Structure formats: structure tokens, C-alpha cells
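Visitor: Using the sequences and the accompanying hints, generate a full structural model.
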Amino acid sequence: MWESPEFWVAVAFVIFVAATFRPLYRQAAAALDARAARIKNEIDEAQALREEAQALLAEYKRRQRAALKEAEEILEHARGEAE
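Each residue of the sequence shown is one higher than the last, beginning at 33 in the numbering used here.
Pairwise CB distance ranges (calculated):
(1) L64 x W40: 32 to 42 Å
(2) A87 x A51: 54 to 64 Å
(3) F45 x A68: 28 to 38 Å
No wet-lab data here; the hints were simulated from the structure. Computed from a prediction, not measured in an experiment: that's the story for all the values here. Heads up, the beta-carbon is just placed ideally off N, CA and C, and yes, glycines get one too.
Guide: Structure (C-alpha cells):
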């Protein structure tokens, strides 16, 4: 067994695969971690933008209600003066 060339080729192959796999695994893990962090940042940014948009929408709805109320008051005042 120890003198068999097939055994030593198999041992060399296993060592080669292990030596090649370890750095590739680390690089792949680092790339996946970086991608996960980027996606998390994008999600956080999107959530902040959504909250800002909702606040703006609420403000514009409030302004619209105020403008409609003011328009109604102007119409009532004009009707009162017309009579």
C-alpha cells in the first residue's frame, strides 16, 4: 500500500484539494459576507426612504386638507358677502 503510486497520487490529490479549497472558501465567505452587508445597507436605506416618503405624504395630505378648508371658508365668505 505505501509503495503503491496510486495511493500517493490519491494522497497528493487530497492534499491539493484541501490546500486549494481553504483559500477559496475564505474568499467565498468574505464575498458573501460583503454582499450580505451591502444588501442590509440597501434595505436600511430603502426603509429610511420609505419612512421619509410616508412623512412627506402625511404632510402633503395635511396641507391639502388645510387648503380645502381655506377654500371652503373663502367660498362661505363670498356667499355671505353676495347675499
